[in-house]
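Number of protein chains: 2
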Amino acid sequence: MRIESVDFFYLSMPRVTTEADGSQDALLVRVRAGAYEGFGECEAAPLPSIAAFVCPLSHGACQPVSASVLGQSVEGPADIERIAQLVAYQSMDVLQAAHTWSGIEMALWDLLGKSRGQPVWQMLGYQRSHPKTPYFSVLFGDTPEQTLQRARQARASGFRAAKFGWGPIGRESAEIDREHFMAAREGLQSDGVLLVDVGQIFASDVDRAAERLPALQQAGALWLEEPFQASAYACYRALAERSGSVRLAGGEGAHNLDMARHLIDYGSVGYVQIDCGRIGGIGPAKAVADHARSRGVTYVNHTFTSHLALSASLQPYAGLAEHVICEYPGSPKPLALAITTDHLLRDANGQVSAPERPGLGMQVDLPALAGYVVDTEIRVKGRVLYRTPALA
Amino acid sequence: MRIESVDFFYLSMPRVTTEADGSQDALLVRVRAGAYEGFGECEAAPLPSIAAFVCPLSHGACQPVSASVLGQSVEGPADIERIAQLVAYQSMDVLQAAHTWSGIEMALWDLLGKSRGQPVWQMLGYQRSHPKTPYFSVLFGDTPEQTLQRARQARASGFRAAKFGWGPIGRESAEIDREHFMAAREGLQSDGVLLVDVGQIFASDVDRAAERLPALQQAGALWLEEPFQASAYACYRALAERSGSVRLAGGEGAHNLDMARHLIDYGSVGYVQIDCGRIGGIGPAKAVADHARSRGVTYVNHTFTSHLALSASLQPYAGLAEHVICEYPGSPKPLALAITTDHLLRDANGQVSAPERPGLGMQVDLPALAGYVVDTEIRVKGRVLYRTPALA
Chain A
3 MRIESVDFFY LSMPRVTTEA DGSQDALLVR VRAGAYEGFG ECEAAPLPSI
53 AAFVCPLSHG ACQPVSASVL GQSVEGPADI ERIAQLVAYQ SMDVLQAAHT
103 WSGIEMALWD LLGKSRGQPV WQMLGYQRSH PKTPYFSVLF GDTPEQTLQR
153 ARQARASGFR AAKFGWGPIG RESAEIDREH FMAAREGLQS DGVLLVDVGQ
203 IFASDVDRAA ERLPALQQAG ALWLEEPFQA SAYACYRALA ERSGSVRLAG
253 GEGAHNLDMA RHLIDYGSVG YVQIDCGRIG GIGPAKAVAD HARSRGVTYV
303 NHTFTSHLAL SASLQPYAGL AEHVICEYPG SPKPLALAIT TDHLLRDANG
353 QVSAPERPGL GMQVDLPALA GYVVDTEIRV KGRVLYRTPA LA
Chain B
3 MRIESVDFFY LSMPRVTTEA DGSQDALLVR VRAGAYEGFG ECEAAPLPSI
53 AAFVCPLSHG ACQPVSASVL GQSVEGPADI ERIAQLVAYQ SMDVLQAAHT
103 WSGIEMALWD LLGKSRGQPV WQMLGYQRSH PKTPYFSVLF GDTPEQTLQR
153 ARQARASGFR AAKFGWGPIG RESAEIDREH FMAAREGLQS DGVLLVDVGQ
203 IFASDVDRAA ERLPALQQAG ALWLEEPFQA SAYACYRALA ERSGSVRLAG
253 GEGAHNLDMA RHLIDYGSVG YVQIDCGRIG GIGPAKAVAD HARSRGVTYV
303 NHTFTSHLAL SASLQPYAGL AEHVICEYPG SPKPLALAIT TDHLLRDANG
353 QVSAPERPGL GMQVDLPALA GYVVDTEIRV KGRVLYRTPA LA
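If you read the sequences in order, they're chains A and B.
Residue 3 is where the first sequence starts when you use my numbering, and the numbers rise one by one after that.
Residue 3 is where the second sequence starts when you use my numbering, and the numbers rise one by one after that.
Among the clues, some could well be false.
What the hints assert, rightly or not - On the chain A side, residues computed to face chain B include the following (Cβ under 10 Å):
id	residue
1	S14
2	D23
3	Q92
4	L97
5	A99
6	T102
7	F230
8	A232
9	E254
10	G255
11	H264
12	F306
I should point out that these hints are in silico values taken from the structure, not numbers from a laboratory.
For every residue, glycine included, the Cβ atom is placed at its ideal position computed from N, Cα and C.
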């Protein structure tokens with residue numbers, strides 16, 4: 003099969019705000035080869051990601067992603083890896099290329115799985131898809147009282163584990179942050195699993211981050227996520243040496259395998275969180291899972307968007323029975339839910355699993371997305387390089 | 003002064019090929035604030051870089067670069083640093099943002115220097131601008147005979163040092179590579195300084211890279227540049243432990259300060275090469291120079307394009323008398339030379355220096371670039387987000 007087409011669908015809620023909710027827009031990718039099609043999703047800024055696919059050639063190491071993808075033969079997983087290497091080399095100087103390629107890579111696995119009648123996790127070498135325990139992912143409230151309510155809501159929705167993110171944490175005093183951590187603990191009850199995500203708020207300030215450790219320990223947080231910028235491995239390590247019972251988590255900013263490996267090896271995280279829509283897709287994510295296992299680090303998916311992205315994010319560690327934590331979009335925007343007609347619902351035990359169906363196992367209904375399409379056109383030297391494709 | 007406008011000029015040679023020559027196109031940036039304007043250059047794919055400036059908001063950590071720049075006050079270097087932090091935080095998930103911001107940051111230094119009548123290197127705290135010894139930067143020939151001719155040409159042009167890059171190296175046998183290395187040595191004569199750049203050809207294969215070490219040692223190469231992918235620190239270290247008299251060089255792929263620091267601390271390079279058009283501009287490049295000094299590593303600029311970019315790339319280490327190696331575009335395309343009306347020519351000793359003039363000290367003549375402009379238009383939801391500005 004040859005890759006005949008790659009279509010990008012830029013989708014968005016009618017109104018997008020500066021809240022830290024990544025489900026407000028989406029970049030859906032469709033790849034067609036032979037009699038098959040596959041879907042993927044870039045967890046990325048849509049316009050620059052489309053531009054990285056269609057941009058004119060700058061030089062040999064700064065080629066559009068399309069140059070390495072269109073027309074390529076795809077018969078098996080080795081072809082996906084080969085194309086990935088080609089993109090890495092030929093688009094070396096196109097920074098955005100990793101995000102663009104991530105959605106294409108996912109779609110290629112989906113397509114290949116459909117052509118073989120196999121779920122992606124089986125093509126990755128796993129014998130079965132083990133159920134994962136989802137945690138409820140939500141933002142901190144503006145006040146500790148709001149945080150308390152959200153924690154109670156998580157518990158009431160049947161989630162024992164919840165992750166609280168962003169919001170006011172790190173913006174005022176450590177004492178105010180303590181109130182939020184304790185409110186979250188109270189709402190989750192004493193047996194709830196509390197995860198805290200501070201979204202790089204401390205940039206590279208280890209001491210300011212460390213000021214929050216006593217309260218995190220008191221609240222019994224399992225992990226502190228993304229205290230620093232994605233590449234600040236030395237800061238991660240310095241904080242990890244002081245964090246006691248609270249382990250560090252991070253990795254969503256990794257846009258290649260090395261970055262995730264280094265966060266483990268140099269940054270000493272206890273949990274590595276990979277977004278298949280950024281790291282280059284499912285292949286490198288699986289390699290991270292292998293590396294994490296070898297280092298005694300727990301692999302966790304990073305997903306804040308659609309159930310297509312959720313399925314993709316479960317594949318790389320579907321077969322690892324002992325890695326059970328799963329990020330599960332708690333209250334995504336309607337757009338994120340509309341992308342697939344089916345959803346990965348929790349089973350009787352409150353767990354979710356990568357589907358048994360071929361490919362990513364999710365049905366995308368393009369015509370149903372008409373209300374979310376963001377009409378886009380890119381014109382260079384009078385030639386249309388990109389125009390929103392028809393939803394069909 | 004408030005930042006009133008940021009204009010991007012996408013320029014290109016009429017014909018662009020897949021050769022590894024980065025001077026075939028350019029993304030020039032003009033920033034206006036108060037009565038002043040400054041120019042910078044992104045060493046990046048133009049279209050995705052423009053898109054990262056104008057793209058619609060995706061969420062709070064995925065904002066267009068423009069959201070952190072337009073309207074900001076800029077009175078001194080601390081403001082540039084403040085805006086840099088804002089971009090890093092608010093455009094955290096826009097991968098391309100670092101490349102976009104790099105050209106803007108340069109332009110802000112240029113503007114600030116002009117408003118104060120000071121060269122940028124002085125604002126960075128340096129007392130004087132020390133002359134640097136440029137090396138001639140050229141690609142390997144297709145045959146050892148061609149490589150020999152190019153080495154002779156470098157020497158005939160008055161360069162004692164020359165860097166040979168890319169071409170056939172790493173694509174065939176180590177024996178053929180040896181012939182190229184020895185041809186370069188012959189053409190440069192026994193007292194010439196030979197530098198070798200293999201452009202990430204070995205990806206992450208340490209053994210294949212190591213096969214080239216004996217020949218590099220025999221040819222007396224000073225450094226081996228970019229054997230691996232930019233983030234492959236562990237591979238760099240493994241090769242550095244085996245490389246003997248040949249030191250490793252790298253860093254052009256760093257798109258933030260941490261990446262360059264880690265290449266030094268984890269990757270054990272002997273030379274760190276920073277492109278101000280990618281790492282986030284002149285500020286982080288100066289921080290890399292400081293770190294390199296503290297680690298006994300030599301700082302080198304990475305520049306393959308215009309003399310505006312060359313001036314910017316000299317500023318971060320202009321005051322470091324002992325760091326004298328300078329990449330100097332050997333045979334850039336006419337476009338790269340046309341961007342500025344003045345050029346950084348070699349002095350009587352064959353050396354170049356960051357100019358004594360205010361800002362970056364280079365005169366950009368926009369109307370003269372009319373023949374190179376790439377007309378571009380980006381339209382989203384019927385609204386024009388970007389259209390090539392007038393050359394005036």
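The hints, checked one at a time:
no.: 1; hint: S14; verdict: holds, 7 Å
no.: 2; hint: D23; verdict: holds, 6 Å
no.: 3; hint: Q92; verdict: holds, 8 Å
no.: 4; hint: L97; verdict: holds, 5 Å
no.: 5; hint: A99; verdict: holds, 8 Å
no.: 6; hint: T102; verdict: holds, 9 Å
no.: 7; hint: F230; verdict: holds, 9 Å
no.: 8; hint: A232; verdict: holds, 8 Å
no.: 9; hint: E254; verdict: holds, 9 Å
no.: 10; hint: G255; verdict: holds, 7 Å
no.: 11; hint: H264; verdict: holds, 6 Å
no.: 12; hint: F306; verdict: holds, 9 Å
Violated hints are absent here; each numbered hint is respected by the structure.
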